[in-house]
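K.L.:
Chain V: place on chain D using the hints.
From first to last, the protein sequence lines are chains D and V. Count the first sequence with my numbering and you get residues 163 to 440, in order. Count the second sequence with my numbering and you get residues 163 to 440, in order.
Do not rely on the hints blindly, as some may be mistaken.
Same chains, same label: a pair holds when it works inside one copy or across any pair of copies.
[Said to hold, decoys possible] Here are the simulated lysine-lysine pairs, DSS-like style, with alpha carbons at most 27 angstroms apart:
| # | residue 1 | residue 2 |
| --- | --- | --- |
| 1 | K219 | K409 |
| 2 | K263 | K396 |
| 3 | K263 | K380 |
| 4 | K243 | K256 |
| 5 | K218 | K243 |
| 6 | K409 | K243 |
| 7 | K396 | K256 |
| 8 | K168 | K304 |
| 9 | K213 | K427 |
| 10 | K427 | K303 |
Everything labelled a hint here was simulated from the structure, so no lab data went into it. Quick caveat: nothing in here was measured; it's all calculated off a predicted structure.
Number of protein chains: 2
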Amino acid sequence: MDLRRKLIVKPGTTVRLKDVNASYHAHYKTEHDADKDIEEHQARVSAYQQKLYAEKKHALLIVLQGIDAAGKDGTCWHVMKAMNPQGTSVHGFKQPAEEEKLHDFLWRVHPYTPARGQVSVFNRSHYEDVLVTRVHDLVPKKIWSNRYDLINDFEKMLVANNVTILKFFLYITPEEQLERFRQRLNDPARQWKISDADYKEREYWDKYTAAYQDMMEKCSTKHAPWYIIPSNNKWFRNLAVSNIIWKTLQDMDLKFPEPTVDIEKIRKEYHHAKKENI
Amino acid sequence: MDLRRKLIVKPGTTVRLKDVNASYHAHYKTEHDADKDIEEHQARVSAYQQKLYAEKKHALLIVLQGIDAAGKDGTCWHVMKAMNPQGTSVHGFKQPAEEEKLHDFLWRVHPYTPARGQVSVFNRSHYEDVLVTRVHDLVPKKIWSNRYDLINDFEKMLVANNVTILKFFLYITPEEQLERFRQRLNDPARQWKISDADYKEREYWDKYTAAYQDMMEKCSTKHAPWYIIPSNNKWFRNLAVSNIIWKTLQDMDLKFPEPTVDIEKIRKEYHHAKKENI
Numbered sequence: 163m164d165l166r167r168k169l170i171v172k173p174g175t176t177v178r179l180k181d182v183n184a185s186y187h188a189h190y191k192t193e194h195d196a197d198k199d200i201e202e203h204q205a206r207v208s209a210y211q212q213k214l215y216a217e218k219k220h221a222l223l224i225v226l227q228g229i230d231a232a233g234k235d236g237t238c239w240h241v242m243k244a245m246n247p248q249g250t251s252v253h254g255f256k257q258p259a260e261e262e263k264l265h266d267f268l269w270r271v272h273p274y275t276p277a278r279g280q281v282s283v284f285n286r287s288h289y290e291d292v293l294v295t296r297v298h299d300l301v302p303k304k305i306w307s308n309r310y311d312l313i314n315d316f317e318k319m320l321v322a323n324n325v326t327i328l329k330f331f332l333y334i335t336p337e338e339q340l341e342r343f344r345q346r347l348n349d350p351a352r353q354w355k356i357s358d359a360d361y362k363e364r365e366y367w368d369k370y371t372a373a374y375q376d377m378m379e380k381c382s383t384k385h386a387p388w389y390i391i392p393s394n395n396k397w398f399r400n401l402a403v404s405n406i407i408w409k410t411l412q413d414m415d416l417k418f419p420e421p422t423v424d425i426e427k428i429r430k431e432y433h434h435a436k437k438e439n440i
Numbered sequence: 163m164d165l166r167r168k169l170i171v172k173p174g175t176t177v178r179l180k181d182v183n184a185s186y187h188a189h190y191k192t193e194h195d196a197d198k199d200i201e202e203h204q205a206r207v208s209a210y211q212q213k214l215y216a217e218k219k220h221a222l223l224i225v226l227q228g229i230d231a232a233g234k235d236g237t238c239w240h241v242m243k244a245m246n247p248q249g250t251s252v253h254g255f256k257q258p259a260e261e262e263k264l265h266d267f268l269w270r271v272h273p274y275t276p277a278r279g280q281v282s283v284f285n286r287s288h289y290e291d292v293l294v295t296r297v298h299d300l301v302p303k304k305i306w307s308n309r310y311d312l313i314n315d316f317e318k319m320l321v322a323n324n325v326t327i328l329k330f331f332l333y334i335t336p337e338e339q340l341e342r343f344r345q346r347l348n349d350p351a352r353q354w355k356i357s358d359a360d361y362k363e364r365e366y367w368d369k370y371t372a373a374y375q376d377m378m379e380k381c382s383t384k385h386a387p388w389y390i391i392p393s394n395n396k397w398f399r400n401l402a403v404s405n406i407i408w409k410t411l412q413d414m415d416l417k418f419p420e421p422t423v424d425i426e427k428i429r430k431e432y433h434h435a436k437k438e439n440i
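Excised from the complex, chain D in its bound form:
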């Protein structure tokens, strides 16, 4: 199974989120039904990441966007669980600091792009500068509308330097969001996260939808496509994300480096091969 074809935003096509089923779950009936496949996807991801880390030829950048409670944190956790933490990092982009605002909008992002051999996950990203910035009129339209091209150029440059880019838009419905807020409210470990602003922000749902659609229409490119991940079901979200990461790593033709030494010679010299019956 390769969910990429089903979930990719084909470059040059129109995105209408209202036509997307946020509760889509392929042929799986229940979470239990998907468990075994999720586990297998994760095992594949784990094996390929070892190669990526060892070979140090390629890097992988995973960008997560989605409305509050869409599951960005949960996805980070899920993705990272499969990987050797030494070769990975997560960076969350919050409101820019004063110094960051004085720079171009990609300045604070660039340092966190992955080195060869590494996987970086962006929890929110440079796309906030065409999302929250646009929805709340933080800069004039002239400025934000120019950023799509600048983002495409930036990503093209990364790709030219062996960074593979996967961009996941986690899509939930407003009803699902409200339900997740309610769960937070009832969970002593997560009540502190709730603010009045979270609810107020729901009034901008349509504006966000327009901004998400534009973001994907303008920035789903051949070199760095967007995927829309139906995320009302957390388990399907995890399944889809790990499937796409697996398939993407698979296509990268990763290889362990050749041993730099004569293995047989080392065996003889240090392990007394015959005696130890290696």
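P.N.:
Structure of chain V alone, referenced to chain D:
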């Protein structure tokens, strides 16, 4: 069970590694025997880390040192698995780059110390500058021997800024190291890691032992103690490390922040509490 008392290097005491049993495994007989406790430790760590992340008052720095194949990478993986990847990072310190060599030896380390709310794991650390540097005479004795005090001062400054420091020395025997090298040699996914230098470095075992002992004698302080983790058994190493992290987090008196809003008011306003029967 609190393994801290058993495994801590008491400040001011002499360390003789030959008197330490690298195969120690407390009252556990087998890995299977320890599994349930490891799982429980991890669950506790996970719960406390959520609080640390939410409260943003304290930070935790975990320093890992140990000879090649002592299990630093495996320990990273084990530690991180229990934690929300958003609140954690691992940094491996390799040979310093040219620019780094032109700075003081703590310059490249400081940027990776954890912010409040965060956990950082150092896979090797500033202690390399009194270990490999000393063993291979990379700087004069006058320089490296002065560094113990400088390290203690640096760590004291971190502690004064709410960083709790845990330093784990993973202790294995030369026989166990050779066996682990042999396993690597036979594993196609890890052969590339082996070099002749790994074996040659074994000739310096006694010199490393002396350097490790000094490091712990001089830098196991009340504010930032060293723990010697018997690591011939990987499962006991994981058990001990997670036990000590758990107990340390427990002592930090971490709390979720109070909700900033009136939960009941929000329930009524947005969730129509009565109808939904929350």
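K.L.:
Which earlier hints turn out false for this structure, listed by number in ascending order?
P.N.:
2, 8 and 10
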